[in-house]
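**Student:** As a plain string of letters, each chain reads:
Protein chains: 2
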Amino acid sequence: METKDVQIMEDIYAENDQVSEGIQQDLSARGIYAINVLGAPGAGKTTCLINIINRLPGITPYVIEGDIQSDIDTRRLNDLGIESVQINTNGACHLEGVQIQNMLPKLSLSKPGILFVENIGNLVCPAEFMIGEHMKILICTVTDGADKPYKYPLAFEKAAAVLLNKADLLPYVDFDRAYFTKGVQALNPDAPIFLVSGKTGEGFNEVCEWIKARL
Amino acid sequence: METKDVQIMEDIYAENDQVSEGIQQDLSARGIYAINVLGAPGAGKTTCLINIINRLPGITPYVIEGDIQSDIDTRRLNDLGIESVQINTNGACHLEGVQIQNMLPKLSLSKPGILFVENIGNLVCPAEFMIGEHMKILICTVTDGADKPYKYPLAFEKAAAVLLNKADLLPYVDFDRAYFTKGVQALNPDAPIFLVSGKTGEGFNEVCEWIKARL
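Chains P and Y are the protein sequences, given in the same order. Note that the first sequence ends on residue 215 in the numbering used here; no numbers are left out. Note that the second sequence ends on residue 215 in the numbering used here; no numbers are left out.
FYI, nobody ran anything at the bench for these hints, they're computed from the structure. Mixed in with the good hints there might be a few duds.
[Unchecked claim] Once the Cα atoms are required to be at most 20 Å apart in a straight line, the calculated SDA-like pairs of lysine to any residue come out as:
hint	chain 1	residue 1	chain 2	residue 2
1	P	Lys-199	Y	Asp-147
2	Y	Lys-199	P	Val-173
3	P	Lys-199	Y	Asp-176
4	P	Lys-199	Y	Phe-175
5	Y	Lys-199	P	Phe-175
6	Y	Lys-199	P	Asp-168
7	P	Lys-4	Y	Glu-10
8	Y	Lys-4	P	Ile-8
9	P	Lys-199	Y	Tyr-172
10	Y	Lys-4	P	Tyr-13
[Said to hold, decoys possible] If you want the footprint, here are the derived chain Y segments under chain P, 3+ residues with CB under 8 Å:
hint	segment
11	60-74
12	123-136
[Unchecked claim] Some, not all, of what chain P presents toward chain Y, calculated at C-beta under 8 Å:
hint	residue
13	Asn-122
14	Pro-153
15	Tyr-172
All C-beta atoms in this analysis are idealised placements derived from N, C-alpha and C, irrespective of residue type, glycine included.
Use the sequences and the hints to build the structure in full.
**Tutor:** Structure below.
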């Protein structure tokens, strides 16, 4: 990149960090813990969220769904009685703080709880932008292969935990779990890796115990 | 985006289009047909390329591998005797024409053939940037779910064909093929959809017949 472009990117990051810190403080003051949910397209982010929310009774969930287009996931969540709103980026590949700031008035946020923000399905750009979260979690799958930490390191570096989804398909794929774990640990030794299945519910009790300990 | 930012993006696209047209003309003059291979992380892009290249005897293949980091895929291709070079974007989420221009001198390009460019694993940004290709193909998977055309329309709009990979896992997932097909056809009625399995080789003969007819 040229020097001019680098300066523009630095300005964008700095402005975004400032907005994000404001959101985080606002949410903290309301007793709301915010989780930025990252993952590639089709990783099963919404299904994982539903599994998590169902296992956290007594904790009020709020969801902001980020998608390039469509409100498929928001309708799915609202149909389950989960308060959710949709951001459509119309092409943009990640969410930024200002978009979350604009959506917060559309949620009741009437009780303490957890705000889940499902970011755009993309293992690259979303990891670069804070959006007011207290932590990021990353959802990967056994079907996407064990080399992802080596190819997309930033998302793994920034995640507080990694959910390895689609465990129900493990018998049918060649997934080298030791190689995956080694890759994650080299980037982020403190992040737990939870083997889960959005389809069967396997592993989500452990995820929820871990989330409750972080609140 | 602010007007200033829109202008910057328009300048970037215009400059990239110009470079890409130059690359395409250069490759055409050498009898080389260029295919820009798009797909989400873990869609099986490299495995599909190997399946295609193995079924096109007599056509010289060249590969440029795009990755944020690592040269896992390039080593895999070179080990199979396929002439391949690596671009590492070190964070950038897509390839641009100038990167391809810089890599071409590193390939022999001594005979007519096909240049496959495996773009960064990302269903969003790569679709926005030409890189000198004669056509794009998009690789999706049955494990990523049937809603992808609705959520990531641009990649589907721009692809000359869609490969629906991991067909071997169809018995184990809930994949609504009619919904997927409907979504693709609404965006891109002319694009064929090939059901393939990088693991078993299913479907690639049909893909290769179609590619040969395009050359």
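**Student:** Hint by hint, say whether it matches the structure.
**Tutor:** Evaluation of the provided hints:
no., hint, result
1, P:Lys-199 x Y:Asp-147, "holds (17 Å)"
2, Y:Lys-199 x P:Val-173, "holds (9 Å)"
3, P:Lys-199 x Y:Asp-176, "holds (16 Å)"
4, P:Lys-199 x Y:Phe-175, "holds (13 Å)"
5, Y:Lys-199 x P:Phe-175, "holds (13 Å)"
6, Y:Lys-199 x P:Asp-168, "holds (19 Å)"
7, P:Lys-4 x Y:Glu-10, "holds (16 Å)"
8, Y:Lys-4 x P:Ile-8, "holds (11 Å)"
9, P:Lys-199 x Y:Tyr-172, "holds (11 Å)"
10, Y:Lys-4 x P:Tyr-13, "holds (17 Å)"
11, 60-74, "holds (count 5)"
12, 123-136, "holds (count 4)"
13, Asn-122, "holds (6 Å)"
14, Pro-153, "holds (6 Å)"
15, Tyr-172, "holds (6 Å)"
Of the numbered hints given earlier, the model fails none.
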